[in-house]
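K.L.:
Sequence:
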Amino acid sequence: QVQFVESGGGLVQPGGSLRLSCGASGSMFRLYRMGWYRQAPGKQRELVAGIMSGGSTKYADSVKGRFTVSRDNAKNMVYLQMNSLKSEDTAVYYCNRADSDFNPYGYWGQGTQVTVSS
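The C-terminal residue of the sequence shown carries number 118 in my numbering, and the numbering is unbroken.
The set of hints was computed from the structure by calculation and includes no laboratory data.
All values derive from a computational prediction rather than experimental measurement.
Every residue, glycine too, gets a C-beta built ideally from N, C-alpha and C.
Mixed in with the good hints there might be a few duds.
[Stated by the list, open to error] In silico lysine-lysine, DSS-like type, Cα no more than 25 Å apart, as pairs: (1) Lys86 to Lys43; (2) Lys64 to Lys86; (3) Lys58 to Lys75; (4) Lys86 to Lys58; (5) Lys75 to Lys86; (6) Lys43 to Lys75.
[Unchecked claim] Derived DEER-like restraints, expressed as beta-carbon distance ranges: (7) Glu46 to Asn83: 18 to 28 Å; (8) Gln81 to Glu46: 13 to 23 Å; (9) Leu11 to Leu31: 18 to 28 Å; (10) Gln13 to Asp101: 31 to 41 Å; (11) Gln13 to Ala40: 13 to 23 Å; (12) Asn73 to Ser118: 33 to 43 Å; (13) Val2 to Ser70: 16 to 26 Å; (14) Ser118 to Ser53: 35 to 45 Å; (15) Gly54 to Ser118: 37 to 47 Å; (16) Gly55 to Ser118: 18 to 28 Å; (17) Pro41 to Ser118: 11 to 21 Å; (18) Ser25 to Ser87: 32 to 42 Å; (19) Gln13 to Met52: 31 to 41 Å.
My request is simple: use the sequences and hints to build the entire structure.
P.N.:
Put into structure tokens, the structure is as follows:
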């Protein structure tokens, strides 16, 4: 099974930036559609950003213009650059394989906590 390991989270002030990283196991990563998801306390997990194998991207309306998803297939990595962070971005962030609708369907990693607070 493909495994994902997220890193890069932390505590940041409103307006700050973070870059999340996700490493994936396996040799087929370059073919995967990937998504970044987040889950805030008391809320359902939601798609934040997605990237197709060819590099096309998709963003939730709440993060458009602030977040950028990218990937490095040679390194089996996907990234999420988060700028202009807001308190409502506070959540645990996960990466996962995604289907054609960007619904996640792989095994979840441990996630990385992002806390935006002054």
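K.L.:
Are the hints correct? Go through all of them and say.
P.N.:
Results of checking the hints against the structure:
1. Lys86 to Lys43: The given pair, whose Cα atoms are some 17 Å apart, holds under the 25 Å limit.
2. Lys64 to Lys86: holds (13 Å)
3. Lys58 to Lys75: holds (21 Å)
4. Lys86 to Lys58: holds (20 Å)
5. Lys75 to Lys86: violated (30 Å)
6. Lys43 to Lys75: violated (32 Å)
7. Glu46 to Asn83: 18 to 28 Å: Cβ of Glu46 to Cβ of Asn83: about 19 Å, so the range 18 to 28 Å holds.
8. Gln81 to Glu46: 13 to 23 Å: Hint holds: Cβ distance 18 Å, inside 13 to 23 Å.
9. Leu11 to Leu31: 18 to 28 Å: This hint is violated: roughly 35 Å between Cβ atoms.
10. Gln13 to Asp101: 31 to 41 Å: Given range 31 to 41 Å: holds, Cβ gap about 35 Å.
11. Gln13 to Ala40: 13 to 23 Å: Given range 13 to 23 Å: holds, Cβ gap about 18 Å.
12. Asn73 to Ser118: 33 to 43 Å: holds (38 Å)
13. Val2 to Ser70: 16 to 26 Å: Roughly 19 Å apart at Cβ, these two residues keep to the hinted range, so it holds.
14. Ser118 to Ser53: 35 to 45 Å: holds (39 Å)
15. Gly54 to Ser118: 37 to 47 Å: holds (39 Å)
16. Gly55 to Ser118: 18 to 28 Å: violated (35 Å)
17. Pro41 to Ser118: 11 to 21 Å: At roughly 18 Å between Cβ atoms, Ser118 and Pro41 fall inside 11 to 21 Å, so the hint holds.
18. Ser25 to Ser87: 32 to 42 Å: holds (34 Å)
19. Gln13 to Met52: 31 to 41 Å: At roughly 33 Å between Cβ atoms, Met52 and Gln13 fall inside 31 to 41 Å, so the hint holds.
The structure shown violates the earlier hints numbered 5, 6, 9 and 16.
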